[in-house]
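A.B. asks: Listed below, chain by chain, are the residues.
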Amino acid sequence: MAKLLEGPAMGLFQKWGMRTPHHLVISNVEQIDTLASANPWMKECKMVAKAHEALGGRFKLGLVKVGLDLAGVKKASEEILGRSVEGMKMTQVIIAEMIEHAEEYYLAVKSVREGAEILMAKFGGIEVESNWDKIVRTSVTVGEKATDAQLEDCAKRAGFTGPMIKKMTAFAQSLFACYDSEDGQYIEINPLVADKKTGELVALDAVTMLDGDARFRHQDWNFNFAADFGRAYTPAEKEIMEIDSRVKGSVKFIEIPGGKVALLPAGGGASVFYSDAVVNLGGTIANYAEYSGDPPGWAVEALTERVCALPGIKHIIVGGAIANFTDVKVTFQGIIAGFRKAKDAGKLNGVKIWVRRGGPNEAVGLAAMRELKNEGFDIEVFDRYTPLTDIVNMALNKQAGERR
Amino acid sequence: MSIIADEKTRVIILGGVAGVNAAKRMGEFCHLVQKPFYVDAFVYPPDAGKTADIPVGSQIIPVPIYKTLEEATKNHPEANTALIYIGPNRAAQAALECMDNPNIKSISMITEGVPEKDAKLLIKKARETGKYLNGPSAIGIMSAGHCRLGVIGGEYNNLILSKLYRPGSFGVLTKSGGLSNEIMWIISQFADGITTAVGIGGDAYPVSDFTTYLEMFEKDRDTKAVVLVGEMGGNLEEAAAEWYGAKPRRIKLIGIVAGFCQEALPKGMKFGHAGAKEGAHGEGSARSKVNILRKAGAVVPETFGALGPAIKKVYEDLQAVGQAAKVEDVHPSELPQLPKKVEESLKAGEIMVEPLFKSTIADDRGDEPLYCGYPASELINEGYGIPHVIGLLWNKKLITKQEAETIKRVLMLSADHGPAVSGAFGTILAACAGIGMPQAVAAGMIMIGPRFGGAVTDAAIYFDYGLRNFPNDIAGFLAHMKKEVGPVPGIGHRVKSLKNPDKRVQELIRFVREQKMSLPHLEYALKVEAVTTTKKDNLILNVDGCMGCILLDLGFPPESLNGFFVLARTMGLIGHWIDQKRNNGRLIRVFNYLINYAVTPKRKVPPLSK
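The listed protein sequences derive, respectively, from chains A and B.
Residues 2 to 405 (this note's numbering) make up the first sequence, in order.
Residues 654 to 1263 (this note's numbering) make up the second sequence, in order.
Among the hints, a few may not be true.
Only some residues are given here: those of chain A computed to face chain B with a beta carbon under 10 Å [claimed, not checked]:
#1 Gly-144
#2 Ser-293
#3 Gly-360
In silico DSS-like pairs for lysine-lysine, Cα to Cα no more than 30 Å straight-line [as the list claims (entries may be wrong)]:
#4 A:Lys-198 with A:Lys-168
#5 A:Lys-330 with B:Lys-1000
#6 A:Lys-249 with B:Lys-677
#7 A:Lys-249 with B:Lys-720
#8 B:Lys-778 with A:Lys-111
#9 B:Lys-677 with A:Lys-330
#10 B:Lys-1000 with A:Lys-111
Since the hints were made in silico from the structure, they are not lab data.
Cβ atoms here follow ideal geometry from the backbone N, Cα and C, with glycine treated the same way.
Just chain A, same shape as in the assembly:
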């Protein structure tokens, strides 16, 4: 899943014939006057200014200002730009026209195994959460289109009457076309409103998730994806993502502030079991990480350095199942190089390293890890005969599972 910020999302909506408020993304306040002379609506409408970042709860953080005129927009943008929130600097502001409206609606398309589900409600905004059961749904098989009759029926069931039925149907058709053509995974418009002046439906706010794997067939996707967990990516996370995008196999890294146990496991499946094991034993994880698909040693080395740099960690879990084709020797050489660099940089003091792994060249890889003991690392190395997550039990000083 890959999330879009509002700016690019609104661009996509317009491409598929859905009305959105007039809007602009700026990165410095000086641009505003010039833009206002080219965009009359900036002088005519009330506006909203929001930090254009992947941050949850922007309203509470004071990063959303409403009911502004041009002067107000400038002042708000000045306040937002350059502010640091949760360690990240605000670099963009989205300025949008405020649409006067009486009612709010809800419209979404969600990917399901068989195709898609279109969700509709004659209520919107914060009412959605509490009235989830009252949302009406209709299904579309993959490779097929939604029919007007089907959507009209859906609108009627949702409680729309009169000309609104046709309007909702037309808007839903556009939304579905956008979802279907842009490899959407989840697009939720909330609220969808009827403009008081024109009666036209306008998408005021939306969550837009596209399938990042489909990027190869969308030459016009000129945007980067945003973090979809309520905060922006940290520099270290971005660095690893950048490496991940250019190497064979994969390396993944997400920081979780405050954790004591750092994870450096192999495999998308095993890594989650390692995280589970830590949490299950009352430990706290400092990160999520994973490498798989036989990545080059240098990529694993970079990942290792990031893991070693996590603040306040007490343990590093270098876990992994028995690999099918990831070369244990090569990937361990990367990890070892990363450990050495970290140690030379004065890190890893009081950090205990726990290793368990199997797979191609396991004997050589594990032996090289064991050698680190002689270099003064506090490290324990286990092979396939120690069950997968037992190193977590040992690290957290709990009784390990039964040994064979």
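Assemble chain B onto chain A, guided by the hints.
C.D. replies: This is chain B only, laid out in the frame that chain A set:
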């Protein structure tokens, strides 16, 4: 028995390098179970018409590569299974083609990063065609003792350790490739091993879901229990639980679900496989999946660590009712070993190889080349030069500074002799015909022989003969040469004479004499020259003869001596090639007036006789 992959499986692999690597792993498996290789063909347009050579035991099996699947199935009508290893932008199209092909019954799609929409279209197509598709992002399928599709199972030694050479009683279903291997290992340690293990792929929408495979396992009488590894997100585990609880099932189901850590993570944060996405409203969490599986009657241990003992318990229960497979373990030493490469066997001291040839001067098996034992970089750092390297490589001696200076001068004075001589002309002719440098230089080099530049060795050999046999009898030596050999090599020049001496020779002689070196061969040759020049003015000691004698006096073996001319003149030949390139020299054609056409006039061709 097993599911999907069995003794009747015959495979076509779609894709390049990754596909070939998988075929090699499959070849290893065939060697372990001592069964014939079952990869019939590859489909990979860039290499169509060639073969991919796959080792199976100590045999190399050439597997044909085709441009299209249709071509491959036409030539290999027994192939019934396709493995897809092509990039995510074309993989779905290939999978659709496979499903449309009447010969292909099942497909395993290894490709990662296939868009979800494509996967969903494949689900639809599979339903319409009744074909079976494993993946995308699958690691493959392992049926112990029978068939391996893909790299699942990893390296050879793991196949042995996890007892994959013979079937057991447990089926395995995982999303994760690495975990499929781990589970096979656990089952081999805590129970009797597997029937079939399937990596279904970690994407959100694997084309065949857990339920598809559970149905297959239920029908496979040899599978008594199935270990299912699930993870948060989606509803495939719920569907599996629903299937399991719907009616009494023959197979036992053991489940384990990853993703409890989700509860302790900041809201909205998730990770793992693409499919590991929690629903927006709580559905699909690890906890709810575990509860639903347990409710359906599956054994679900609390943690991954407890999985082994849980499997052991189920196995003991099966044994108690006589349900477990009767398996016999084979000691690893009795199983076929993967043939070692020659290097490995040599290292282990198991074999001795008769060397193809012997080499005594240089060795680059270490960090850097050694010239007669001396590291090249140290020679450079110590101030040695090219003549010293020549001394080492041609005569295995670290020569003195004085000797090096002599060699340097020899090389310098032979580096070039203008464009008109045979060697340079050969190179120029080739260069002007557009020939590349190494070949054009070689064209000039070919000219070096008895009449051009190649008399150094011969001159040395005969002056040495004279010195040994006619030390004080030049007339005797010349008489011997006249009778047995002909003109004395190293004596005589086309243009130079006593009156018009060769300055190169004079300079070289002056220098070596100043060095107070012992020069018996040179002095002997000069005595010969003193006699020959009395007969004819141009019968002087030429540059070949002079070089030959001096180098012999320096201790170089006679067979090495032409090398000095070859080496020196290479500088000139390269220069001439570059020169012509820069001049953009035109193709050279010899003018008719430069040729004496001593030919038969034109005449009629008679009819071909019988």
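A.B. asks: For every hint, state whether the structure bears it out.
C.D. replies: These are the hints, each one checked on the structure:
| no. | hint | in the structure |
| --- | --- | --- |
| 1 | Gly-144 | holds (6 Å) |
| 2 | Ser-293 | holds (7 Å) |
| 3 | Gly-360 | holds (6 Å) |
| 4 | A:Lys-198 with A:Lys-168 | holds (16 Å) |
| 5 | A:Lys-330 with B:Lys-1000 | holds (20 Å) |
| 6 | A:Lys-249 with B:Lys-677 | holds (20 Å) |
| 7 | A:Lys-249 with B:Lys-720 | holds (25 Å) |
| 8 | B:Lys-778 with A:Lys-111 | holds (21 Å) |
| 9 | B:Lys-677 with A:Lys-330 | holds (20 Å) |
| 10 | B:Lys-1000 with A:Lys-111 | violated (60 Å) |
Of the numbered hints listed earlier, the single one contradicted by the structure is hint 10.
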